[in-house]
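Trainee: In order, the protein sequences belong to chains A and B.
As numbered in our numbering, residues 43 to 240 make up the first sequence, in order.
As numbered in our numbering, residues 2 to 471 make up the second sequence, in order.
Read the hints as simulated data drawn from the structure, not as lab findings.
Some hints could be false.
DSSO-like, lysine-lysine: derived pairs with alpha carbons at most 30 Å apart [to be verified]:
| hint | chain 1 | residue 1 | chain 2 | residue 2 |
| --- | --- | --- | --- | --- |
| 1 | B | Lys165 | B | Lys418 |
| 2 | A | Lys90 | A | Lys73 |
| 3 | A | Lys90 | B | Lys245 |
| 4 | B | Lys394 | A | Lys233 |
| 5 | B | Lys418 | A | Lys73 |
| 6 | B | Lys418 | A | Lys233 |
| 7 | A | Lys45 | B | Lys162 |
| 8 | B | Lys418 | B | Lys394 |
| 9 | B | Lys9 | A | Lys233 |
| 10 | A | Lys90 | B | Lys418 |
| 11 | B | Lys9 | B | Lys245 |
| 12 | A | Lys73 | B | Lys9 |
| 13 | B | Lys394 | B | Lys162 |
| 14 | B | Lys81 | A | Lys233 |
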Amino acid sequence: MEKFVVHTGTAVPLRRSNVDTDQIIPAEYLKRITRHGFEDGLFSAWRKDPEFVLNRPEYSGASILVAGPDFGTGSSREHAVWALQDYGFAVVLSSRFADIFRGNSGKGGLLTAQVDQDVIEAVWSAIEADPALAVTVDLDRREVRAGEIVAAFDVDDYVRWRLMEGLDDIGITLQYAADIDAFEAERPQWKPTTTPVT
Amino acid sequence: MGRTLAEKVWDDHVVRRAPGEPDLLYIDLHLVHEVTSPQAFDGLRATERPVRRPDLTLATEDHNVPTIDILAPIADPISKAQVDALRRNCAEFGVPVYSLGDVEQGIVHVVGPQLGLTQPGMTVVCGDSHTSTHGAFGALAFGIGTSEVEHVLATQTLPLKPFKTMAITVEGELPAGVTAKDVILAVIARIGTGGGQGYVLEYRGSAIRGLSIEGRMTLCNMSIEAGARAGMVAPDEITFAYLKGRPHAPQGAEWDAAEAYWRTLPTDNDASFDAEVVIDASTLSPFVTWGTNPGQGLPLDAVVPSPDDARDEVDRVAIERALEYMDLTPGTPLRDIPVDTVFVGSCTNGRIEDLRAAAQVLSGRQVAGTVRMLVVPGSVRVKQQAEAEGLDKVFIEAGAEWREAGCSMCLAMNPDKLAPGERSASTSNRNFEGRQGPGGRTHLVSPAVAAATAVTGHLSAPADLAAASS
Ligand code: SF4
């Protein structure tokens, strides 16, 4: 995983609340068994509308998505994170994220930066006035900067550390294999196994 | 200071705890299905890691599977690729799998409990948000993403930050005709789709104690729709009675040891929750959703809301958008909304008690000519049980379609879909835009309301039928 410290790019305003993962990527795309190439599924229902913000040429190439509250509700599909990343997003800004989506994002290396709704409103206005405005998301300083706007964002400490170090989860855990062995040795006998009973 | 049920289960699974880091939690049961696992197994292969505990892992085929002609090759090439990948991966990594045609096949959240694999005090995960279902037994059960699936496969653990706890206390007796589904729809309407965010919900109070295990599963299943990570109900005599004798339940002296432990799990009297919601059971009535998220629900007696009823600007836009998508006019009585499809099934309401409730309403009645009704049992075992009780005949005689087990129209990954513009009354858990097929419109309801709606052709409760026929 690549290290994430500071990201600067253009941003696209998604003026919708409660964007659930079925909207981010519909279930039909979940049938794939590969890990990449989900950009075509991102917001696919909405993208059929030529006026949808992602279809507007002035926002092409944006790498920061600025969304309304309760982003990523609904199903736990990690494809939602992959689709956003495959499309080119490195950061989502929102005033509230659904937990599972946020957890998935941290693991996948997509930064979900949580700011107050008035910051979202201010950034929306700024990037609507100037779609080419450079927006900087500084994970080291936990700060979003866009034109005149400078705002702190909330990110989990541990997720921040991992993103900044570019660390993979399983490798971290396997360092503690001895602890897992010890725990297993103490587990009660009556806990079930899935071995089919005949 | 006492601890809550969730805190006790958590504490008993901590493998490693270090300041400033998430706890490393042991996972007792890892359920797997074909949609969220292929990339995880791919990851294991790429890093040459084995599955640490195939004997604590169980796979089923459910999301994509057809519900007719199940032994013919799956027609949709992508569905087939996922199912084939699951079979290959399970064979390669030694994971037990219940495939189409197997008597134990079914929706993962129906199969685990009916086998007795879900027990009080366990940690249960699955790459599926409705894993919260298993909380009905007093297990800490939650959905995870595909990279976490890979993590659990490789290590049988997950690094996790503690959740906050919320008590949802429903006191009193539920009025006749009010089911667990109505309770949870009312809870979500009350606290909102983000209201449970960061919390494990514990359902408490006399109305909850009075629910069967299956009703509790319905309740816990939809905790995720309130934004919560998990839902739980403390284990009690009803839980133990359900488990006793199930294939994977402990036996003899092991049962006694297990039961003694399970009895220590309920929340201590002096424990405190981070948040509390109290609901008076007597105020509840059959509940239906009118909008495009599960929080947009109202009692069946109500009318379609207006954007003017909104709490704030964000809510106003959400209502407007939902009304437009659902093609509804403010002020319309919910009972006047016609549907063309009725779906009874899913991990929310696809168990035997749900089918009994629907059959009881349909018995001696006919599905309206304008309505297509699909009844899809949650598992092959549920299907067999229903057939043993003659429920299949009730459905077929009423004019409904009786199908094989799977997720089916809950998420329309198989051929069971709404056409654009079609409207369903569905016992599933999500009414998102396009959930049951692109352009489809969904009203979430209980099995009894689904059946009554099938008879009248518009949203109805069983009581409406009785009134009409008397
Ligand atoms: S029935 Fe629906 S909610 Fe349940 S596991 Fe299947 S797709 Fe998910």
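Trainee: So, for every hint listed, does it hold in this structure?
Mentor: Verification of the hints:
1. Lys165/B to Lys418/B: Violated. Lys165/B to Lys418/B sits at ~37 Å, over the 30 Å cutoff.
2. Lys90/A to Lys73/A: holds (21 Å)
3. Lys90/A to Lys245/B: Violated. Lys90/A to Lys245/B sits at ~53 Å, over the 30 Å cutoff.
4. Lys394/B to Lys233/A: violated (39 Å)
5. Lys418/B to Lys73/A: holds (16 Å)
6. Lys418/B to Lys233/A: violated (39 Å)
7. Lys45/A to Lys162/B: holds (22 Å)
8. Lys418/B to Lys394/B: Answer holds: Lys418/B to Lys394/B is near 24 Å, not above 30 Å.
9. Lys9/B to Lys233/A: holds (16 Å)
10. Lys90/A to Lys418/B: Measuring from Cα to Cα gives roughly 20 Å; hence the hint holds.
11. Lys9/B to Lys245/B: Between Lys9/B and Lys245/B the Cα gap is close to 23 Å, so the pair holds against 30 Å.
12. Lys73/A to Lys9/B: violated (38 Å)
13. Lys394/B to Lys162/B: Given pair Lys394/B, Lys162/B is violated - Cα atoms ~49 Å apart, limit 30 Å.
14. Lys81/B to Lys233/A: violated (34 Å)
Comparing the model with each numbered hint stated earlier shows that hints 1, 3, 4, 6, 12, 13, 14 do not hold.
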